[in-house]
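Number of protein chains: 2
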Amino acid sequence: MSLFSLLINGGLSAVGAVICYRLILTYIPIFIQRKMYGNDQSKTSNDPVPEPMGVICAAVYLIVMFIFIPVPFFEWVGSETEFPYAKLLAILSGLISISTAILLGFADDMLDLRWRHKLLFPTLSSLPLLMVYYVSGNSTTVMIPGLLRHLIHPFFDLPISVNISFVYYIFMGMVIVFCTNAINILAGVNGLESGQSLVISISVIIFNVVQLIRVDSQYWHHLISLYFLLPFTACTAILFHFNKYPSRVFVGDTFCYWSGMTLAVVSILGHFSKTLMVFFIPQTFNFIYSLPQLFHFVPCPRHRMPKYDGKSDTVSMSKAIFKKSELKSLGKLSLFIFNLVGLLEKREFEKDGEIWIEINNLTIINLVLKFSGPMHESRLNQVLMGIQISCSILAFFIRFYLASLFYDVVN
Amino acid sequence: MSLFSLLINGGLSAVGAVICYRLILTYIPIFIQRKMYGNDQSKTSNDPVPEPMGVICAAVYLIVMFIFIPVPFFEWVGSETEFPYAKLLAILSGLISISTAILLGFADDMLDLRWRHKLLFPTLSSLPLLMVYYVSGNSTTVMIPGLLRHLIHPFFDLPISVNISFVYYIFMGMVIVFCTNAINILAGVNGLESGQSLVISISVIIFNVVQLIRVDSQYWHHLISLYFLLPFTACTAILFHFNKYPSRVFVGDTFCYWSGMTLAVVSILGHFSKTLMVFFIPQTFNFIYSLPQLFHFVPCPRHRMPKYDGKSDTVSMSKAIFKKSELKSLGKLSLFIFNLVGLLEKREFEKDGEIWIEINNLTIINLVLKFSGPMHESRLNQVLMGIQISCSILAFFIRFYLASLFYDVVN
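If you read the protein sequences in the order shown, they are chains A and B.
So the first sequence is residues 1 to 411, counted in UniProt numbering.
So the second sequence is residues 1 to 411, counted in UniProt numbering.
FYI, nobody ran anything at the bench for these hints, they're computed from the structure.
Any given hint might turn out to be false.
[Claimed, not checked] The list that follows gives simulated cross-link-like pairs (lysine to aspartate or glutamate, EDC-like), each with its CA atoms no further than 20 Å apart:
| # | chain 1 | residue 1 | chain 2 | residue 2 |
| --- | --- | --- | --- | --- |
| 1 | B | Lys332 | B | Glu350 |
| 2 | A | Lys35 | B | Asp112 |
| 3 | A | Lys244 | A | Asp40 |
| 4 | B | Lys35 | A | Asp112 |
| 5 | A | Lys43 | A | Asp309 |
| 6 | B | Lys87 | B | Asp216 |
| 7 | B | Lys87 | A | Glu82 |
| 8 | A | Lys319 | A | Asp40 |
| 9 | A | Lys87 | B | Asp47 |
| 10 | A | Lys324 | A | Glu358 |
| 11 | B | Lys319 | B | Asp309 |
| 12 | B | Lys307 | B | Asp47 |
[As the list claims (entries may be wrong)] Example chain A residues on the side facing chain B (calculated, C-beta under 8 Å, incomplete):
| # | residue |
| --- | --- |
| 13 | Leu62 |
| 14 | Pro70 |
| 15 | Val71 |
| 16 | Phe83 |
| 17 | Ala86 |
| 18 | Ser93 |
| 19 | Ile96 |
| 20 | Thr100 |
| 21 | Ile102 |
| 22 | Leu124 |
| 23 | Ser125 |
| 24 | Leu127 |
| 25 | Pro128 |
Glycine included, every Cβ here is placed at the ideal spot set by N, Cα and C.
Work out the full structure, taking the sequences as your base and the hints as a guide.
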């Protein structure tokens with residue numbers, strides 16, 4: 001029966017992809033006519049690129065989900081058993097978070113919302129999801145690594161697992177806020193937003209399928225994740241087709257929030273939020289690396305995307321230039337650490353009697369360009385996709401091999 | 001306990017209203033800067049009026065609802081009883097329909113969607129709601145009027161009630177599609193969209209309170225309606241303050257879809273969709289009266305709002321002029337009927353050897369102006385609000401007095 005649901009879900013996803021393809025073509029001229037477009041900073045031409053096209057794919061995604069929702073419950077009709085309320089609740093609470101994330105993203109594209117509103121809204125819109133997690137009696141227990149237990153055993157007897165209760169809810173809330181913003185922060189290269197989302201969602205799908213085959217007890221958790229992810233992957237693949245170099249459309253914040261929230265939602269409903277964070281290693285690294293500029297410990301220019309050179313048609317790392325006196329102490333410390341571990345291109349020079357500092361902007365994109373030197377934009381995206389895929393492979397290694405070394409029981 | 005929830009809901013609504021007020025003031029310049037505005041056709045000045053401000057109030061509404069959702073379930077925590085899944089499902093499925101209606105409205109404001117998309121999306125987004133209605137074992141039984149039963153009794157024995165099953169679902173689906181579009185069609189005068197929604201929502205609130213006191217058995221149905229409507233009314237009241245003559249903001253399609261969907265949702269969750277339609281009499285009349293132009297049986301100009309006269313600062317009915325040969329047979333028939341019952345201003349004249357017809361545009365607004373003659377825009381809105389309030393009073397009369405004459409048992 002669940003195979004039947006999966007087949008229907010896959011079929012609807014395929015139809016959704018076709019509709020996405022046609023609707024994007026339909027709406028490209030409408031976006032331009034309504035002045036909803038951006039200009040590609042890394043091209044010599046100045047053609048308008050429709051933005052945010054993510055809203056079209058997100059709308060198709062929602063429609064596919066609405067049509068699909070009743071399907072997994074067909075087997076209940078006419079049966080004598082009680083309706084599986086908790087399962088429907090899980091799907092609906094996930095959809096609420098996703099649809100409000102889409103709304104938030106679209107509003108952000110249109111209105112440039114403030115940061116505090118952008119952090120507040122996803123936090124609040126995930127309340128129904130966390131509440132459903134709570135009332136469904138889902139576990140907030142985490143395993144303690146066997147290795148750690150054995151090491152500490154002579155002094156102290158650690159249990160196999162501990163219930164961290166509300167701390168787990170705070171963790172899940174943070175996963176949601178982090179994911180909704182993580183894709184948005186790692187952006188600025190043709191095909192990057194949609195590409196990274198595609199790699200992560202396909203990785204999660206592989207993980208779900210492996211778990212469906214391996215672990216009987218978590219059947220529903222990985223099934224529900226697939227229900228959400230197959231249509232998402234289908235719609236995103238089409239979007240990537242239009243968004244990859246040279247971009248015919250931009251995805252917008254709408255896509256970034258939609259994609260981040262969808263991945264966060266499935267990880268919570270599927271009970272693999274910790275595993276998801278391993279798939280998000282590049283985004284996490286980029287976020288931590290960006291922190292000094294995001295929190296303005298280090299001066300941050302308005303745009304941090306790579307610098308385009310029209311002559312050679314390549315991009316190189318973009319730089320921030322500021323007076324040394326502008327640097328706060330936390331900024332000094334973080335630059336010192338980044339410099340120490342070789343993650344910083346830094347130059348000091350004197351001008352008008354003051355000492356100025358020039359550093360690369362603190363994003364993983366500029367970091368790649370620091371090591372590689374200037375390269376073509378499409379090549380840069382390939383490198384970034386390569387990093388993302390490597391991290392997915394690493395994630396599988398950590399999840400399936402390393403974890404079994406550290407834990408006594410691993411699912 | 002439910003009184004406690006209502007108090008919290010009322011408190012949150014009040015806070016929501018204050019936040020709406022401040023956010024609208026904050027976002028007025030941002031909307032204008034982002035070129036999101038309209039021009040008021042019925043004013044001599046050409047100042048930009050920010051639009052769609054409904055999206056700000058809708059976002060506040062969603063946040064209030066997210067914060068409120070856990071409240072009615074506090075009493076369950078620590079109790080031994082099973083969690084009231086069906087109640088949470090009802091709230092979440094309603095919120096999904098509402099949040100996607102807001103998204104649809106906002107997309108329509110930004111992109112001018114096509115009619116078929118505007119009809120398809122609310123239909124599909126209401127599927128979860130109807131599904132929850134189904135699995136919660138809610139009744140699809142309608143009462144048969146006692147009078148009818150007595151009249152037919154000598155020939156045929158009618159039951160007291162019949163289960164019309166899936167026909168009832170089709171009816172509810174139509175209520176949703178009708179309501180989401182009804183407010184949008186009755187528009188074009190300062191304060192009209194927000195004003196009519198305010199009158200209907202306050203009427204429904206009064207109806208809910210009366211039923212809470214009168215009928216014990218439907219306690220939850222009217223309670224859940226209040227949970228949704230108190231914050232809606234609070235946010236809409238603030239929007240009305242800015243939208244009434246002279247409009248400082250326009251509400252946009254975002255508001256019309258949000259408001260229509262919210263009213264439809266509460267009527268379905270609260271089991272009073274038939275009663276709601278009585279509150280929608282002006283909208284229903286306007287819809288039927290508009291049909292010949294909406295379906296282009298009669299030529300329809302791009303805008304049908306009243307004509308503004310700058311000298312006298314009044315509005316008068318706007319007209320459609322077309323060749324008699326353009327009129328289709330269904331158009332001829334409908335104009336003949338409207339003329340017969342005195343609902344049409346019609347003039348025929350000859351020009352360039354052809355017969356031309358001039359009629360008033362078929363909206364209830366132009367109909368009021370046909371009977372009253374030109375009047376000031378704020379006066380016109382007062383008249384329309386008067387009609388809406390009269391219909392609410394009529395609705396109470398029908399619901400509580402007439403119904404008890406026709407039916408044996410009325411709740």
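- Item | Lys324 of chain A paired with Glu358 of chain A [C-alpha distance capped at 20 Å] | holds (9 Å)
- Item | Supplied contact hint for Ala86 of chain A, tested at 8 Å Cβ to chain B | holds (7 Å)
- Hinted contact Leu124 of chain A with chain B - closest CB pair below 8 Å: With a minimum Cβ separation of about 4 Å from chain B (threshold 8 Å), the hint on Leu124 of chain A holds.
- Message: Can you confirm whether the C-alpha distance between Lys244 of chain A and Asp40 of chain A stays at or below 20 Å?
- Response: holds (12 Å)
- Does Phe83 of chain A meet its interface restraint, that is, does its C-beta lie within less than 8 Å of any C-beta in chain B? holds (5 Å)
- Query: Does the alpha-carbon distance linking Lys87 of chain A and Asp47 of chain B stay inside the 20 Å limit?
  - Reply: It is violated: about 52 Å lies between the C-alpha atoms, which goes past 20 Å.
- Message: Using the nearest Cβ pair, does Ile96 of chain A come within less than 8 Å of chain B?
- Response: holds (6 Å)
- Message: Restraint: Leu127 of chain A near chain B, CB-CB cut 8 Å. Satisfied or not?
- Response: At about 5 Å, which falls below the 8 Å cut-off, the nearest Cβ of chain B leaves the hint on Leu127 of chain A intact, so it holds.
- Item | Distance restraint between Lys87 of chain B and Asp216 of chain B, which requires alpha-carbon spacing of 20 Å or less | holds (17 Å)
- Task: Below or equal to 20 Å on CA atoms is what counts here, so check Lys35 of chain B against Asp112 of chain A.
- Result: Measuring from Cα to Cα gives roughly 13 Å; hence the hint holds.
- Query: Does the CB of Leu62 of chain A sit less than 8 Å away from some CB of chain B?
  - Reply: Since chain B brings a Cβ to about 6 Å from Leu62 of chain A, closer than 8 Å, the hint holds.
- Starting from Lys43 of chain A, check that the Cα of Asp309 of chain A is at most 20 Å away, please. holds (9 Å)
The earlier numbered hints that this structure contradicts are 9 and 15.
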